[in-house]
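Protein chains: 4
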Amino acid sequence: MTVTGAKDSTVKRRLRLGMVGGGRGAFIGAVHRMAARLDDRWELVAGALSSDPERALHSGADLHLRPDRIYADFNEMARREPRLKDGIDAVAIVTPNHAHVAPARAFLKAGIHVICDKPLTTTRQEADELSRLAKETGLIFAVTHNYTGYPLVRQAQAMVAAGDLGNIRLVQVEYAQDWLGTRAEDAGNKQAEWRTDPARSGPAGAVGDIGTHAFNLAEFITGDQVAMLAADLNTFVEGRRLDDNAHMLLRFSSGAQGTLWCSQVATGQENALRIRVYGDKAGLVWQQEDPNVLTFMPLGAPPRLIRRNGAGADEISRAASRIPGGHPEGYLEAFAQIYTDIAEQIAARLESREPDPFSLLVPTVEDGVRGVQFIDAAVRSSQRNAGWVEV
Amino acid sequence: MTVTGAKDSTVKRRLRLGMVGGGRGAFIGAVHRMAARLDDRWELVAGALSSDPERALHSGADLHLRPDRIYADFNEMARREPRLKDGIDAVAIVTPNHAHVAPARAFLKAGIHVICDKPLTTTRQEADELSRLAKETGLIFAVTHNYTGYPLVRQAQAMVAAGDLGNIRLVQVEYAQDWLGTRAEDAGNKQAEWRTDPARSGPAGAVGDIGTHAFNLAEFITGDQVAMLAADLNTFVEGRRLDDNAHMLLRFSSGAQGTLWCSQVATGQENALRIRVYGDKAGLVWQQEDPNVLTFMPLGAPPRLIRRNGAGADEISRAASRIPGGHPEGYLEAFAQIYTDIAEQIAARLESREPDPFSLLVPTVEDGVRGVQFIDAAVRSSQRNAGWVEV
Amino acid sequence: MTVTGAKDSTVKRRLRLGMVGGGRGAFIGAVHRMAARLDDRWELVAGALSSDPERALHSGADLHLRPDRIYADFNEMARREPRLKDGIDAVAIVTPNHAHVAPARAFLKAGIHVICDKPLTTTRQEADELSRLAKETGLIFAVTHNYTGYPLVRQAQAMVAAGDLGNIRLVQVEYAQDWLGTRAEDAGNKQAEWRTDPARSGPAGAVGDIGTHAFNLAEFITGDQVAMLAADLNTFVEGRRLDDNAHMLLRFSSGAQGTLWCSQVATGQENALRIRVYGDKAGLVWQQEDPNVLTFMPLGAPPRLIRRNGAGADEISRAASRIPGGHPEGYLEAFAQIYTDIAEQIAARLESREPDPFSLLVPTVEDGVRGVQFIDAAVRSSQRNAGWVEV
Amino acid sequence: MTVTGAKDSTVKRRLRLGMVGGGRGAFIGAVHRMAARLDDRWELVAGALSSDPERALHSGADLHLRPDRIYADFNEMARREPRLKDGIDAVAIVTPNHAHVAPARAFLKAGIHVICDKPLTTTRQEADELSRLAKETGLIFAVTHNYTGYPLVRQAQAMVAAGDLGNIRLVQVEYAQDWLGTRAEDAGNKQAEWRTDPARSGPAGAVGDIGTHAFNLAEFITGDQVAMLAADLNTFVEGRRLDDNAHMLLRFSSGAQGTLWCSQVATGQENALRIRVYGDKAGLVWQQEDPNVLTFMPLGAPPRLIRRNGAGADEISRAASRIPGGHPEGYLEAFAQIYTDIAEQIAARLESREPDPFSLLVPTVEDGVRGVQFIDAAVRSSQRNAGWVEV
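Sequence order for the protein chains is A, B, C and D. Mapping the first sequence onto the UniProt record's numbering, position 95 (from 1) lands on 95, and the numbers just tick up by one. Mapping the second sequence onto the UniProt record's numbering, position 166 (from 1) lands on 166, and the numbers just tick up by one. Mapping the third sequence onto the UniProt record's numbering, position 218 (from 1) lands on 218, and the numbers just tick up by one. Mapping the fourth sequence onto the UniProt record's numbering, position 389 (from 1) lands on 389, and the numbers just tick up by one.
Here chain A stands alone, though its shape is the one from the complex (with noise of 0.2 Å):
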């Protein structure tokens, strides 16, 4: 095989990480310390991993925190930090929905990057205000819409924009679960839990924790902005208090029309996120299920295999792999991606320099901004009996 991809750093030393939530049990904060390693360009080296104390000293402890890295409240965390010479370059903020931003905030004021989970908060106000004050800092506001790390999904974009499918005029976006599919919530699932709760997961349930992702990948792709949608929201599992399935219409800036479907009670499904576009001249489709594969479709030509690093893939989703094709990456990998972009970011601004470009393509505060514009507008439809509104 070829020898492509390899991750190993160059820099002149590993980032500093800070983590807000991830505490023993939790799913995405692990999640986010295999994707923050796999590169080598970050080192956790502190955490207000928990609310609760105890948990957040257990739980640094398991992750080899020194001592006086870990901490029971983020804001001592986000004072302190930045009075260490070593002190953290970044914080990833990976609580629930509902407590994003506060410690957002907070590290923000403190001048350091943030990484945060999405939805990146439970209402347009704290999302403007993130926004703005991301602005006003000028730090770098990074959020975990994670499919977007996947190279052959990098190269989806860049096909799209480089008009190779002409003018696009379909989109097709599903994200399919099955977890949800009985009362999770009241069997101990601590995920279900609180994505059930409006208290911590906000106005939405399945919008919010899927179809913001399916949404982002739509306008990731394409390059263009959801203006109108129709959703159709419904609850099928009896006593839940948030939606666990959504259909919706979707009409784009550009004129091109599509749907979205997500759903966490789709018998059958894991996480079944697809994207189907089509062009005047090609159409494309892409799977998370089975990421090492694009399948491109000119008009009247038969349908090409496009492979992760391998024959057809292009210099954006090559410099997205660690390994040759055949060789399949997958979900964590994704993820690694964010975080390494990140870390060049950040990279590039300590060593004075230009990063490199395609580290650009890592979602920002505003990504973030449309996923709660999104869950907003979709809320609002479902609530007119899926009429139309503006996104």
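Keep in mind that the hints are not guaranteed to be accurate.
Each pair may be met inside one copy or between any two copies, as identical chains are not told apart.
[As the list claims (entries may be wrong)] Here are the simulated DSSO-like cross-link-like pairs (lysine-lysine), alpha carbons at most 30 Å apart as the crow flies:
(1) LYS12 to LYS85
(2) LYS85 to LYS281
(3) LYS85 to LYS190
(4) LYS109 to LYS85
(5) LYS109 to LYS281
(6) LYS281 to LYS190
(7) LYS109 to LYS12
(8) LYS190 to LYS135
(9) LYS109 to LYS135
(10) LYS135 to LYS281
(11) LYS190 to LYS12
Worth flagging that the hints you see were computed from the coordinates, not collected in a lab.
Add chains B, C and D to chain A, keeping to what the hints say.
Same frame as chain A, now just chains B, C and D:
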């Protein structure tokens, strides 16, 4: 391989078929004839194959029709055939949409069973009239929603009916093609010409041509009815007079929800009819382009690949198969099943016996009426900016 | 969709077919009849359908044969048919392997074209005799290696011949089934009984029944010959008298190498005939269970999915198609193509014209002889502990 | 999604890893480092990364090694590290094949656990020597047949061991690549240079480089041994000095039979390692390029798609997973599992406890010896025109 399902006829004689439309150069007429031949229960003996007398004559000769059974006018055929000792048992109407109603009316009145292509008619009034006439005459009136002839579509229907999926929550159905992605109607493509011409195709384009198949498939498999829909019809190819793409939200009588997408401008898609049904116990997926497998996904268990006439195939799908699993059957075999089932229904009448119950799965004039109602609802909804309308 | 390849006959009359074997309960006889019917170039008019006179009679009646064309003895049929004004043009021999040679000899001597199932005979001498007789009489002698009737198999052959793959290096061909994974021959399965009986099946089991198809496919697509093979035959089911699995190393005349695997005990496989050919410029993959796609893999470029009668399909595969891409064709259509091509060859003789050159792709008695040589070589090699033998 | 299998370490400290080979531009060294990092049980602290002192130095700096832990000579590293308070716990040897034995010997003698790339050595004597040394010292000696780290490979192994497939009859294993389809060794490809050079690669090319992986996978999953093989090695690319393709017949100790194909000239294949195992109760298929699914085919029942860490996944495969089903893991995660299991074995010794039994699935020096025996047998067989030899 196991010997199963060979379709040699055991009826006393082949049934006699007449055809209206389907002369030289026609597409669907030739398909009907192959379908009728495959299982050897029919022989084509008469035809009014074209409204152009000379073309009718040559087309009849091509098909080895006896000269006296080649008609220039279907009315004459409807008058004369019933008086022949060996007159036709049934007529297949394979003309463009607007030209279904007149021959259907004529043959029903002549006491001849009717096999009619879809959509049944171009107006609801005509559809209702045919439905009424069929009821009054007691004749068999089949509408060739041929995709219901696929063995695994029938098994899917049976599995839903048996409760294998539990309560149905979601139905995603789509039918994507790309052959009208450019102005084919101006490039000498006869199929494109009439299918994009409101005078011949009716009030809808893609919605009528293929949307009706998707709609029929959804209602057939679920055994449920679409109560309401919100449809966003669009015409992407400039200058085209009918829709070439539609996105719809669906609400079923049972409370299930879903989407329907039909397109003739989805670059790279050939004939991608696909349905996914999700219940609270299991989900299933069937794709017309890969019709020999039905993916059944029980909650919490690995998906199972049920293979036509192979392991997991039930009685109903085996009965609609000709050859063992692993020996792929396709579109023509499924279409042939429709013809074979109609033959069985007619033979049972001739022999004063009950027909094989599976033969009653053939779509009837009522299914044809539903198709016309669907078209009507979709057009109305679209005129109201995708507002909800009843079907 | 585009109207292409509809197979309505334009010859002056349907050809008349007789059949030897294929009575009630037979498998392959029914397949031959469906294949002959599909494209409407044949009508079955005579048959010696069983060696049991009563069964012959009933079977003929089932098929609507005229009583005077139902024979209890193929010799009588061979004597009488040539003297009829409307006697048969060709005979299809669909008996078990050991019972091919006698009727083939009789009909050739009677001046009637022969369509014979495979393997041609159970001994090399008999195969040579039929080859000689066919040459002497100048009659058409087709052997139903039906998989060559698949459109994309023909395209694969044409692509190799055109040099699209460069010099062929590797051929991996396999044919895996599981229907003899248990002692089906003791469970009343008639197919299993004769196919595992040396007296009727010949010196080989799986090798003769399906290995010959794999071998034929490899030689057909590559246009090359297997010069030598080393074969490891085995019988996994205790008490079985013939091989039910074989692994072989292949060396082709051109220097290409490969393997052939055939099995009737590969649990979970239905009819998994698959071939992969690799040249120095490109590779290709075709699988019988998914026959509407041919994967073409040019060196250093993304694999292309060539679809039957769709984008990328060439003239030769389009000519063997009935319906547009996306409307799957299968096993029966491919088998029908063989019958249609034979009809074309005969019709050309009747009409004193050259046949369509594509019709000459039908496997001949020489291909049948190769199959018998292959069986002989495999058995000899296995007796020598998988030593190399010439084919 | 369900929270399962997050791999944050709970050991008291990260283990300390040294590396021999793997300097700038190397392929597999970078892979080992990513694998070691992912689950956070290792930190790389020392290295003799190149035999070129300057390159060793720069490579060490790239990796943030402390200057005093960057060695120009692995012998010095083997001498010094054991004397350090924070010396390495294990060494990873990632040099070309011929350069495994010397460092392996040195570190074993220095009392340091060894992780060695495959094939273990280039001669049987050397392999035996390392096996003996490992036994004498009692040290852990892992050989990175990394494909055994895939969760579903482990599940396949467990299913065979549990009898889910019944008695194994057939094993088809293959490993196809195309990256040596042309004279890459003359085009400046460093990987190609040494892998086609007998002095560095050993007596075999493709057989050693990837055939050993296929062989290991077959023995690992079946728990059986290949008793005899007949191998047809070939060199298709002119001027190449080692085999670039091999076909083999296999006979297992249990009576199972099979084939092994390995190729580096199979145009269009990237890294197509695939295994199919058929028993009298069921069959299974696993493909490295689509590693998140294991197809299980019980006799007479529909195939089941067992998904990594999803429905149907067993305890053993769940334990080797990091993230939920539907979130694809790939090559690096499987490789990481090997490193994590080695860490567990070492940690258990450090903590005087029994290791997690699953961690013992890591291939050992004995598996490495089997690989060298396999290479030796294949070369000998090929020299005897593919005659049978014992492995």
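These are the hints, each one checked on the structure:
{"no.": "1", "hint": "LYS12 to LYS85", "in the structure": "both (16 Å within a copy, 27 Å between copies)"}
{"no.": "2", "hint": "LYS85 to LYS281", "in the structure": "neither (55 Å within a copy, 57 Å between copies)"}
{"no.": "3", "hint": "LYS85 to LYS190", "in the structure": "neither (37 Å within a copy, 43 Å between copies)"}
{"no.": "4", "hint": "LYS109 to LYS85", "in the structure": "within (18 Å within a copy, 43 Å between copies)"}
{"no.": "5", "hint": "LYS109 to LYS281", "in the structure": "neither (48 Å within a copy, 50 Å between copies)"}
{"no.": "6", "hint": "LYS281 to LYS190", "in the structure": "between (46 Å within a copy, 23 Å between copies)"}
{"no.": "7", "hint": "LYS109 to LYS12", "in the structure": "within (27 Å within a copy, 35 Å between copies)"}
{"no.": "8", "hint": "LYS190 to LYS135", "in the structure": "neither (35 Å within a copy, 47 Å between copies)"}
{"no.": "9", "hint": "LYS109 to LYS135", "in the structure": "within (12 Å within a copy, 60 Å between copies)"}
{"no.": "10", "hint": "LYS135 to LYS281", "in the structure": "neither (38 Å within a copy, 49 Å between copies)"}
{"no.": "11", "hint": "LYS190 to LYS12", "in the structure": "between (40 Å within a copy, 27 Å between copies)"}
The structure is inconsistent with the numbered hints 2, 3, 5, 8 and 10, although it conforms to all the rest.
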